[in-house]
Amino acid sequence: MIRFTISEENYLKTIYHLQNASGIVATNDLATSLHTAPASITDMLKKLSKKGLVSYKAYYGCTLTESGEAEAVSIVRRHRLWEYFLSQKLGFSWEEVHEVAEELEHISNEKLIDKLDAFLGFPRTDPHGDPIPDAKGKIIQARQVSLATLSEKKVAIVTQIGNQSPEVLEMLDEKNISIGSRIQVIKKYAFDESMEVRTDNKHQSYLTKELSQNIFIKN
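End of the sequence shown sits at 219 in UniProt numbering; the numbers just go up one at a time, nothing left out.
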């Protein structure tokens, strides 16, 4: 089994997320995400390229190779399973789990991860609603739309959170909104596209346009 350094794994995971969002990953975007100097980024990309994990071209950007993507998906799987474990079994709040899972994701023992998956009952999503890849790397993304698109009086179920910063998750806690919440749009305001919502038939709150765009739902 090939072993990777923590730094290499962090690069692969970050490239994976950026590539899914925008295709070819620019060096500057990678430097911003990793809070690293562009020169260091270039050195690591050359190293990963020699290992066959990324396709890299100077002044153009990079993408993951098939083997690089497989490794990145494995890291994502470990991270999200640990988040689920921390939330469901140890009582961590959903704004706390990410930082701890960042450390645990580098435990790459496949037998341990497979047993963890089975112990948890093969969960499909993590505490933020992100899909958890299965043991073969397959990812099932549920069909969903932004809460901002929901019409007045309509009801839906919260399935995923886009912006998962601790500040946003803490705000959603205060508004009693979480994965699985039943949410209804009471009123939408044309002026700033904000809205009033009712959650689980009892909690009423006000959401800005930006916040509602980061809450995903299924009807």
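Heads up, some of the hints might be wrong.
Dumping the calculated SDA-like pairs for lysine to any residue here, alpha-carbon to alpha-carbon at most 25 Å [what the hints assert, rightly or not]:
| hint | residue 1 | residue 2 |
| --- | --- | --- |
| 1 | 188 | 134 |
| 2 | 153 | 111 |
| 3 | 218 | 111 |
| 4 | 51 | 153 |
| 5 | 111 | 175 |
| 6 | 138 | 151 |
| 7 | 175 | 189 |
Just the calculated beta-carbon pair ranges, DEER-fashion [what the hints assert, rightly or not]:
| hint | residue 1 | residue 2 | range |
| --- | --- | --- | --- |
| 8 | 31 | 187 | 22 to 30 Å |
| 9 | 121 | 162 | 23 to 31 Å |
| 10 | 202 | 52 | 32 to 40 Å |
These are calculated hints, taken from the structure and not from any lab test.
Keep in mind that this is a model prediction, so the values were computed, not measured.
Glycine included, every Cβ here is placed at the ideal spot set by N, Cα and C.
Hint check:
This hinted pair does not check out: residue 188 and residue 134 have alpha carbons roughly 39 Å apart, beyond 25 Å. The suggested pairing of residue 153 with residue 111 is violated, with an alpha-carbon distance near 48 Å, which exceeds 25 Å. Between residue 218 and residue 111, the direct Cα distance comes to roughly 34 Å. Violation of the 25 Å bound is thereby established for this hinted pair. Between residue 51 and residue 153, the direct Cα distance comes to roughly 54 Å. Violation of the 25 Å bound is thereby established for this hinted pair.
For a cut-off of 25 Å, the pair hint linking residue 111 to residue 175 is broken: about 39 Å separates their Cα positions. For the suggested pair residue 138 and residue 151, the alpha carbons sit about 33 Å apart, so the restraint of at most 25 Å is broken. Note on residue 175 and residue 189: the hinted pairing holds, with a Cα-Cα distance of about 18 Å set against a maximum of 25 Å. For residue 31 and residue 187, the Cβ-Cβ distance of about 43 Å falls outside the hinted range of 22 to 30 Å, so the restraint is violated.
The given range of 23 to 31 Å is respected by residue 121 and residue 162, whose C-beta atoms sit roughly 26 Å from each other. A C-beta distance of roughly 54 Å is found between residue 202 and residue 52, which places it outside the suggested range of 32 to 40 Å.
In the structure shown, a violation is registered for the earlier hints numbered 1, 2, 3, 4, 5, 6, 8 and 10, in ascending order.
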